[in-house]
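Enquirer: Please work from the sequences and hints to get the whole structure.
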Amino acid sequence: MQKRDYYEVLGLGKSAGLDEIKSSYRKLALQYHPDRNPDNKEAEEKFKEATEAFEVLNDSDKRSKYDRFGHQGMKSGQDFHSYQNMNDVFSVFNQFFGGQGNSIFDEFFGGSGGGRRQPSMGQPGQDLRIRMPLTLEEIALGVSKTIKIKKFCTCTGCGGSGAKSRSGYTTCSACNGAGEVRQVSRSMFGQFVNIAPCANCGGSGNIIKELCSSCSGEGRSQGESTETLDIPAGVSEGNYIPLRGKGNAGRRGGDSGDVLVVIEEKEHPLFIRDNDDVLFELSVSYPEASLGASIEVPTLYGSQSISIEPGTQPGTVIQLKDKGIKHLQANGKGSQHVHINVYVPTSLTSQEKKIIHDLSESDHINPDRSHYFSDHEQGKKKKSALFDKMKGAFS
0 MQKRDYYEVL GLGKSAGLDE IKSSYRKLAL QYHPDRNPDN KEAEEKFKEA TEAFEVLNDS
60 DKRSKYDRFG HQGMKSGQDF HSYQNMNDVF SVFNQFFGGQ GNSIFDEFFG GSGGGRRQPS
120 MGQPGQDLRI RMPLTLEEIA LGVSKTIKIK KFCTCTGCGG SGAKSRSGYT TCSACNGAGE
180 VRQVSRSMFG QFVNIAPCAN CGGSGNIIKE LCSSCSGEGR SQGESTETLD IPAGVSEGNY
240 IPLRGKGNAG RRGGDSGDVL VVIEEKEHPL FIRDNDDVLF ELSVSYPEAS LGASIEVPTL
300 YGSQSISIEP GTQPGTVIQL KDKGIKHLQA NGKGSQHVHI NVYVPTSLTS QEKKIIHDLS
360 ESDHINPDRS HYFSDHEQGK KKKSALFDKM KGAFS
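Using numbering that gives the first Met the number 0, count along the sequence shown one by one with no gaps and you end on 394.
Hints were generated in silico from the structure; no laboratory data involved. Check before you lean on any hint, since a few could be wrong.
[Unchecked claim] Lysine to aspartate or glutamate pairs mimicking EDC-like chemistry, simulated, CA-CA at most 16 Å apart:
#, residue 1, residue 2
1, Lys26, Asp66
2, Lys149, Asp126
3, Lys13, Asp66
Expert: This is how it looks when you write it as structure tokens:
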């Protein structure tokens, strides 16, 4: 079968520039890549054809020879093209668009593409988790906290590189500075590209010649930082506030981790939180409940006077609007609910007992319990009448 013209394969004219050649091959390689077209022999052949055309036209010497002699000029010497299998094709694919040039692998496997892959600098630092206990008052009002964080900090001696000086490292020979190793293999299921960090340089693309004496080449050392944290009003147990880049410094220039400040609520001696509302139990005396009173009660924002109406019953709830916790993601505040309990004394003097005993003789003091038994007595009368009727019927 006669080979097609390489310019025709890439859809270009003979005056096409290098950028046009790369762009056209990138498009065709993505379209006909075997991993996107499994068990498609036609796509495999087009992928092989485009790769062969690109290898020639991307090289100025080979392109010049091809322009003068065509395919015949490529059948002699070191420029002779004979792909024995797909691994040969992928070696060209990997060479030009992997570690040596614009990374089509990044585009094909979901990366951003469009430029050489930047080697990952070192290893990223770990995140840190810090618990932050808060009182209900702090949660209601919001608060600013200063915290000290023990962590790995960037080495001041080498600036985090791990090298004694900026000239103290060289390009890794195992990955040619790419920071990763790519292996192409083929099985009965198709071609597979395995991309892994370079074990020789740890993914940095560089090998340190002379280690920093301050950090022994780690690029970081144990230290401490002080951070100010503004906590908004209305947070809840389990909410967390991230401090980006304030965690452990990365190894040898790697990105720093984050700090996650997790909110915990301290138990309050007076209040119970119910979402953004606050519950408070108020004990009043029998005279206060009977006669009414004005009583000062605590709130998260200071004390407030509430009115106890005459005849207030145990279990009555008085709502204090906007005395609860501020809504975190909306305007306004919750309420404070004051639950009324009537205090019953457990220790009385003789005089107090006499006063209460005399008071108990009043009809207005004791509750009316007559209705507890009225229905029961009526039921007994109805049963008696029915029995008398049945007795008369059989006599």
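Enquirer: Each hint should be assessed against the structure and marked as holding or not.
Expert: Quick rundown of the hints versus the structure:
1. Lys26 - Asp66: Distance ~23 Å between Lys26 and Asp66 Cα, so the pair is violated.
2. Lys149 - Asp126: holds (12 Å)
3. Lys13 - Asp66: holds (8 Å)
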